[in-house]
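Guided by the hints, dock chain H onto chain D, whose structure is given.
Respectively, the protein sequence lines represent chains D and H.
Under the UniProt record's numbering, the first residue of the first sequence carries the number 1, and numbering increases by one thereafter.
Under the UniProt record's numbering, the first residue of the second sequence carries the number 1, and numbering increases by one thereafter.
Read the hints as simulated data drawn from the structure, not as lab findings.
Glycine is no exception: its CB is placed at the ideal position from the N, C-alpha and C atoms.
Treat the hints loosely; a few may be bogus.
Stated by the list, open to error - Pairs of lysine-lysine, DSSO-like flavour, derived with a Cα cap of 27 Å:
(1) Lys-612(D) with Lys-329(D)
(2) Lys-665(D) with Lys-89(H)
(3) Lys-612(H) with Lys-511(D)
As the list claims (entries may be wrong) - These stretches of chain D come out as covered by chain H in the derived footprint (C-beta under 8 Å, 3 or more residues):
(4) 72 to 78
(5) 154 to 162
(6) 329 to 337
(7) 587 to 597
(8) 641 to 651
There are 2 protein chains.
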Amino acid sequence: MVLPDTTEDTQGSGLASVNPDLASERLTASFCVPRLTAVLDGGAERTRLRRAVEDVIESDPVFSRENQYFQSQNERYEAAVRKAVHVRKKMQEMGWSEDGPESVYVYRALSGDVAFLLHRVFMRSISVLGSDKQVAKWIPLASEYQLIGSYAQTELGHGTYLQGLETTAVFDISTQEFILNTPTISAMKWWPGDMGRSATHTVVFAQLYIHGKCYGVHPFIVQIRSCQDHSLCPGVIAGDIGPKMNFEHIDNGYLMLKNVRIPRENMLNKFCEVQPDGTYIRRGSQKINYFTMTSVRISLISDEVILPLMKACTIAIRYSVVRRQSKLKPGEEEAKILDYQTQQEKLLPQLAAAYAFHFINNYLHELFNRGYREIQGRNFDSLPELHAFSSGFKAMVTQYCTSGLEICLRACGGHGYSLLSGLPSLYTKILASCIYEGENTILLLQTARFLIKCFTAASAGQPVPPSVTYLAAVKPGKCPAKDKLDFLSPDIYTEAYQHAAIRLISSTAAKLQDLIQSGVERHEAWNQCTVQLVQAAKAHCHYITVKNFVETVEKLENTAGIQNIMKHLCDLFALHGIFSNAGIFLHDGYITGAQMDMVTASYLDLLGIIRKDAVPLVDAFDFTDKNLNSALGSYDGQVYQRLYEWARKAPTNKQISPAYEKYLKPLLHNKLSKL
Amino acid sequence: MVLPDTTEDTQGSGLASVNPDLASERLTASFCVPRLTAVLDGGAERTRLRRAVEDVIESDPVFSRENQYFQSQNERYEAAVRKAVHVRKKMQEMGWSEDGPESVYVYRALSGDVAFLLHRVFMRSISVLGSDKQVAKWIPLASEYQLIGSYAQTELGHGTYLQGLETTAVFDISTQEFILNTPTISAMKWWPGDMGRSATHTVVFAQLYIHGKCYGVHPFIVQIRSCQDHSLCPGVIAGDIGPKMNFEHIDNGYLMLKNVRIPRENMLNKFCEVQPDGTYIRRGSQKINYFTMTSVRISLISDEVILPLMKACTIAIRYSVVRRQSKLKPGEEEAKILDYQTQQEKLLPQLAAAYAFHFINNYLHELFNRGYREIQGRNFDSLPELHAFSSGFKAMVTQYCTSGLEICLRACGGHGYSLLSGLPSLYTKILASCIYEGENTILLLQTARFLIKCFTAASAGQPVPPSVTYLAAVKPGKCPAKDKLDFLSPDIYTEAYQHAAIRLISSTAAKLQDLIQSGVERHEAWNQCTVQLVQAAKAHCHYITVKNFVETVEKLENTAGIQNIMKHLCDLFALHGIFSNAGIFLHDGYITGAQMDMVTASYLDLLGIIRKDAVPLVDAFDFTDKNLNSALGSYDGQVYQRLYEWARKAPTNKQISPAYEKYLKPLLHNKLSKL
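So that you can see chain D by itself, here it is in the shape it has in the complex (with noise of 0.2 Å):
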């Protein structure tokens, strides 16, 4: 065989320019990028600060990811806890307060991948659950990191269902202190992030007993590991769960207590208390207990939902318009993936839901600090509503953001599951999302039981909070659209939502009247109706989804398009839906068949349409590439140069495995090669 004699590498030096095929998509925009990424940001003013917070992060070295997809466990977590301890030198160094308008764009811009979150979920739960006094204490002492807090409630049995957790606090009135045991395998304390290796303190839920009464689930502030040398402390048993599907970052730990006491201040007690004597007094809800909880449910969802959706839009629709494969037209160069239809009904709903779902978390915020300020004030009134809306929506903006960010990942082929695309990495990480801060069926079946009691109430006449007075107008009636464009009205769509809403939930407390009139027990007839259940309360989340995107679109200005192109968006997330879920609305005739054929043939037009404008929508979410972290999603789509760039840097190409001198060069050797 004759072989020249050149083999060095001269393809893939440097990146230059923007790939023609990403830039001519540009040109035609139909709206203006920059005013739309203000829109999102909530003023032009905002999208500076977030820039201006970005660059100064983005710019330090130690907060660099390029590492990021070669890394092992125990190096993401040291790396982690690096950028922790620096993010605050650095915030400190700018002037920038923790509770600062920075403090948001900080975290963006490190991507979640920073050690201590649970650290500040400790200082939350002190916050909301502590009396004054506790916080005067520990507050400081947890700003200023003399201890590392970590909030301990999920155990390796019990998750949702708190009152099943099975760590015991037994007060012990002669030492003035709680003793804390883990009496069974099963209570272990198990997945509290920073727990696994850095804690030093944490809050520990467990059933209080006093003189042998048990009196339900309180929090405890538990010292763990000696602030002097890390070591832990007597009784105390904790350390990594290992490997998990992503979070390699943090060490989610494993606690067990045995006879640890700690003293009667350190139970939580601004809702109640364990006065010296024994006598327990309780000073509101018991349901506070779960404000935490709801609070960070809804803290989560734009960080670590949204956010990701976005990103993996942004890589995918960048993508699919520098990708050409086969020919759309014999004779014709290869087409951009995005041009064909199957490709735009992949990525495009995608990117309406992001849109959709940025509009309600807006909303969901404004409810929460109204519903938290009236908390303060000792008001629980809304604490029924708050938490039935945030655990419904929780659920269907993480489920539907999963399913949309695994769609996103599989439309980029084989290099989406590279994970230098960056797409696998945000869909293990969002995936979680779906079973942490509450699992979502059951969060679904809570706004299930919320549902059926305001449809009861409503359907007697009794008042109903704001979200669901559209219970008491039940009508029969059908959908009077005679054409295809009569489905861009959003009022068809709206109502077609709420028919389906209303008819979801109505026939199933139906059918849960009936078993329960034919003799079912009430537990039994419920949990034959929970398929039910589950459908009735996504369908009231897509429907107040749907009526507030309507809503945002109405109220944003007309300039530069941007309404126009929100109005698309909407149509288009409405209309996926009710394609997706032809049955519920087919189901009763308030959408015919020919109707259906409507809403499918506006929908597909619709995608055409959007197409147009997909690359300046995704730019509008404004990351930079650092923030993407994805050899596909740059803005510049030089991405098979970055795929091959970034491929040699990996440490399976650093390495000269072992394998070859231990089992390969045997096995080739063991006879005289012929080759």
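Showing chain H alone in chain D's frame:
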């Protein structure tokens, strides 16, 4: 703080007997488990053989997967190579041939965690595409591992669209060689397994040029590394493509060729040849190049797609009877989570699907074997049907099983998210099956093209292949079911599926026709119909799968309740599909809303019935604990103890993190600590 002096860990020491909650599930099986296992294996003799092979593999420590979840990509690769070399030795020792029945079970027992699988594809492609002379030369070399082969088809810029491959092979008449080149960065071979670090040879697919004329894509055998010292051959640049979502044990590689010359004899030439004077001779359909892909596509469905779903069902269902959470009835003990209707609705349809796909896979193999014999006799008539059939089924089964596996993972909550559950790696691996060996959407569109052709032919009274004769029987009609029990009649639901498939195919054919008649160009009209064409192809595949399940159940002897429970699973599979895709059946009123309520009622009833046999139904899959490699899914159900024991072995608990000395200590000691 007074603390006790006993801190040693006395828990989790040794796993004892079967968890009683799991044991009780096995006492009430309505059928004989070993008999069902034999049905799945294809006879009790087969079961014995499989178990004997599993014993041999699992008792050899080289094949242990104990540390799998803790290893880096480099470690996984080394282990996989070691296993590949060792398995060859083992099989020789045992007298098992690569073509023998034991071989299938060897690879099942190894769970794919082994290198050189592409070596087998290399051999297969030579066997199928090579002349007798080429087979005689290369197969013995490959069998004796005097070379390590790979299969280099996919490029950085091209996957499923083979015609677009850019690698060139120019015939040099003067030297009687082909000169292979990678003309652009996107032409780089990218993804081939075993190529990044191991292979010495590979089959390269390249555009053949003779005298400046392109003859399309052809396969060439190219040496890429020395068999003596494993150095890259001159003109060859190759390496590993870096981290992926899974397949860390495989060295998926990249390959660039610069004027690499190979002798004329290295083009695989059973079906076409370049003669010494440059004359090009074709001896059969060019489609034969797709045949290796079709063959690989079919061969992987069982091991890479159906078995993983069966494993996931085993893990999730066993866990769901051990896990107790919350109360079904106040005052009672906490309920097994499988007793919640929502949990049943997640898992049991996946179980039914695993059985459905096992049976359709048997059918597909029969069809393939018949086609293969015909092709060996140079009869290519059955190729289009086989291609359409295998494409659609690959897409449907991979999509369905991937979703099913994700559902199983999420149904296990936080513990499912731990790598130690085994579910994340099953999921991240099966996800790849939606992409490799043909992207699913493209495959479904190939099936759709075949269906539209056959529909047109059938409408014109022309003969069509057996699997699509039903397309000739278009009749409007309505579903005759009168109550929920009618929906347990296979005739009723099979006809509903058939009706839905015909409706979707015929309505899309009509839309296509309308568009073309209205002046839209044919290719553009096709693109505008693709979302619906994909739906139609899925409906066809779903129908055939239901029909095959029904026929399989009919053939099962009614011993020890097996036919009975299989009938329930078949009903569940069918009704789950109608329930989940209600819109398709409601659209033209074939099934009314009232009938859909009957479907729902029967479907939910079936969940309760199959619930009773859920554990025996997964026990029948007969996976060993080592094969499952799951802390949640073992036969004894000692879930919590195993999670804890495995977690303690994690590298994160072996190492005192440098993070403490470097970052935590300075942080905590930044002021005079008050703690």
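For each hint given before, does the structure comply? Return the numbers of the non-compliant ones in rising order. Going through the list in order, the structure violates no hint and respects every one.
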